[in-house]
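J.: Given next are the chains, with one letter for each unit.
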Amino acid sequence: MDLYEQAAEKIITEQEAVIGPIAVEQANKVSGLRVDRASHKVTIQDDKGKVLNKLVQQYEHLFGQTSVAVCKDAASSFISKLPAQEVPSLLR
Amino acid sequence: MKAAPKKSAVTLSAGRETEHVTRELYKQNLELAERNKTLSLLRKIDELVLDSEVDAKEVAQKITQITLDEIDFSLVAIFVANKKRDTLAPYAMSTRVGSGTTQGDILRSIFNHKLPIKKDDSLISESRRTGKIMVAKSLDSLFGSKLGRHSADLLKKETGIKNWFVCPLGARWESIGVMIIGIPVAVSRLLPYRRTLIERLSSAVGVAIDNKLLYKEIQESSLRLRIANKRLRELDEAKDEFISMASHQLRTPLTSIKGYLSMLSEGDAGKLKPQQTEFTELALTSAQRMVYLIADMLNVSRINTGKLVIDKRAFDLGKTIKDEIKQLSRTAEAHGVKMKFSNGAPQLGLVNLDEGKMRQVIMNFLDNAMYYAPNSTVEVSLEGAGGKLRFSVRDHGIGVPEREKAKLFKKFYRAPNARQARPDGTGLGLYMAKMVVELQGGKILFDSQPGKGSTFGFEFPLASIKTRASKKSAPAIEPVTLK
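Chain order of the listed sequences is A and B. Under my numbering, the letters of the first sequence match residues 1 to 92, in that order. Under my numbering, the letters of the second sequence match residues 1 to 483, in that order.
It is possible that some hints are incorrect.
What the hints assert, rightly or not - A few chain B positions that, by computed beta-carbon distances, are all more than 12 Å from chain A:
| no. | residue |
| --- | --- |
| 1 | E34 |
| 2 | D46 |
| 3 | H113 |
| 4 | I133 |
| 5 | G170 |
| 6 | W173 |
| 7 | R233 |
| 8 | L261 |
| 9 | E266 |
| 10 | G267 |
| 11 | G344 |
| 12 | G386 |
| 13 | K411 |
As the list claims (entries may be wrong) - Covered stretches of chain A, as calculated for chain B (at least 3 residues, CB under 8 Å):
| no. | stretch |
| --- | --- |
| 14 | 24-36 |
| 15 | 39-51 |
To be verified - Below are the BS3-like pairs computed for lysine-lysine, each with C-alpha atoms no more than 30 Å apart in a straight line:
| no. | chain 1 | residue 1 | chain 2 | residue 2 |
| --- | --- | --- | --- | --- |
| 16 | B | K157 | A | K54 |
| 17 | B | K157 | A | K10 |
| 18 | A | K10 | B | K44 |
| 19 | A | K10 | B | K62 |
| 20 | A | K48 | B | K443 |
| 21 | B | K157 | A | K81 |
| 22 | B | K312 | B | K443 |
| 23 | A | K10 | B | K312 |
Please keep in mind that the hints were generated in silico from the structure rather than gathered at the bench. All figures in this text were calculated on a predicted structure; none of them were measured in a lab. Every residue gets a Cβ at the ideal spot worked out from N, C-alpha and C, and that includes glycine.
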């Protein structure tokens, strides 16, 4: 998995700790993103930055700004390794 | 038509309320999830401390590792102050920055050096001094001498570690070190619960490390004590062996001396002049004292080896007391001491005790009274009342200082004033007296006032020592093993 996929996996794991299996269900609703229910392995197609942003938006839509903060926190160690211009906007 | 807008307004309101509730529930769940995470981490740290096989450095290393496993920190390092409190020694470091990379190697090198503890305004000093968590944006503000600003900025960029928390590690109202945590986000973006976790973590880690260090200290002290105890036991055994051997060696010639003096005194070598009789009897008394002294030493060594034998026979205690007083009469006269014996139990009859050892106990008490209360009257009494038999020797001599009373009956112990009054004592008489009396079911009596005198004695329950049997009754020999 690349950095984007690792970040997505971590976001989903952290959200699952808060809201349970619904976190995986919501992630699978994001187009371009697939999560394996058992292994939590994530595959992202197309523009990975955009897909990651959509994932964050999915949670924000349901659970608000607090969930965005959780996403940022979860993804921080991966995102910090990306060049600034490649960091998805919602995770900055 | 007019009803529709109201209905959609209600629906909108209900929808907003649901959204609000969902978000509130999310926040509460988040709080619970973070608390669980914190508790889980703290529990793992506690388990580490309870593992006695692991030392403080290993505990520190495991703490840094499990913290990194549970929480998204980039680096966790622990430094512990040395005993002189002039240096912080590196105890452990774990990081997500890969080993084998230049950045990883630099970090490992930096965090592997001792930090001098200075009373300056550095962040580490301030954190230790105030007990507060400090935040640094750059590594050079923590390790300035080892890392310049330029290198620190480069490292920040390459590793993604944006801020450093310096957390004081405290225990028992003292600073024992610091924990440094590198995080990949700006402090302003750190969520409140994460800050709370850092505070709780530094508190728990301080106690964990301190407990481990204390445990190590206790183990080392215990080992030193065990070695010292073993040495003392060996010395004690060697001393007892020596006493036993010396006593045996001395007894043989002494028996011979006593024997010949006794024969002389009884006129077996011809009639003696009055002065010769006096000298012979004095020599005989001294020889007898030596016999008692040696018997005391032998009995002490027998007690220590568990070989003391109590040989109970029926005998007349009142007569034994009179015999001992008579034996010591010349010595008493030499010290200007008058011994007054009052027998308040003339109908006592025979008692069942170890006559030889009781004779020694009585002699010890009388002897002490004479030496510590010269030129005075010593009152000796035997009473039977309230179901008890009491023997006491009361003098009006130097007495025993208050702080010495608790140690008086211990082996070889002599109070300072007693040592002054009688330099040649062994410190065994009272110890032996207590052992012999208590082994036969009795109790030692003791009372004293410094400068006014002392009372020494013993007491037995009449029922346990009284015998209706005649003097010819079979003796009861009981070997006594002391634990």
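J.: Determine for every hint whether it applies to the structure shown.
T.: Checked hints:
1. The claim that B/E34 is not at the interface with chain A is violated, since a C-beta of that chain comes within 12 Å of its own (minimum 9 Å).
2. With a closest Cβ-Cβ approach of about 22 Å to chain A, B/D46 is found to remain outside the 12 Å limit, as its non-interface label requires.
3. Against the 12 Å criterion, B/H113 stays outside the reach of chain A, whose nearest CB is about 25 Å from its own CB.
4. No beta-carbon of chain A is positioned within 12 Å of the beta-carbon of B/I133; the least distance is around 18 Å.
5. Interface exclusion of B/G170 from chain A stands, the closest Cβ pair being 28 Å apart, more than 12 Å.
6. The beta carbon of B/W173 sits about 34 Å from the closest Cβ of chain A, which is more than 12 Å, so the claim that it is off the interface holds.
7. For B/R233, the condition that its CB be more than 12 Å from all CB atoms of chain A holds, with the nearest at approximately 60 Å.
8. With a least CB separation of 99 Å from chain A, B/L261 remains clear of the 12 Å interface cut-off, as annotated.
9. Against the 12 Å criterion, B/E266 stays outside the reach of chain A, whose nearest CB is about 106 Å from its own CB.
10. Listed as outside the interface, B/G267 is consistent with that label: its C-beta sits roughly 110 Å from the nearest C-beta of chain A, beyond the 12 Å cut-off.
11. Look at B/G344: its CB is around 89 Å from the nearest CB on chain A, clear of 12 Å, so calling it non-interface holds up.
12. For B/G386, the non-interface assignment is confirmed: its Cβ lies about 80 Å from the closest Cβ of chain A, beyond the 12 Å cut-off.
13. Taking the minimum C-beta to C-beta distance to chain A, about 69 Å, the non-interface status of B/K411 holds against the 12 Å cut.
14. With 0 residues having a beta carbon nearer than 8 Å to a beta carbon of chain B, the stretch 24-36 of chain A misses the requirement of three or more and the stated coverage is violated.
15. With a cut-off of 8 Å between beta carbons, the stretch 39-51 of chain A has 0 residues touching chain B; three or more are needed, and the interface restraint is violated.
16. As the CA atoms of B/K157 and A/K54 are separated by approximately 27 Å, the hinted pair is consistent with the 30 Å bound.
17. With a CA separation close to 22 Å, the supplied pair B/K157 and A/K10 stays within the 30 Å bound.
18. A hinted pair counts as satisfied when its Cα atoms are at most 30 Å apart, and A/K10 with B/K44 qualifies at roughly 22 Å.
19. Simply put, A/K10 and B/K62 have alpha-carbon atoms about 23 Å apart, close enough for the 30 Å limit, and the pair holds.
20. Our distance criterion of 30 Å between C-alpha atoms is broken by A/K48 and B/K443, whose separation comes to about 94 Å.
21. Taken as a hint, the B/K157 and A/K81 pair is honoured in the structure, with Cα atoms around 9 Å apart against an allowance of 30 Å.
22. For the suggested pair B/K312 and B/K443, the alpha carbons sit about 17 Å apart, so the restraint of at most 30 Å is met.
23. Among the hinted pairs, A/K10 with B/K312 is inconsistent with the structure: their alpha-carbon atoms are about 87 Å apart, more than 30 Å.
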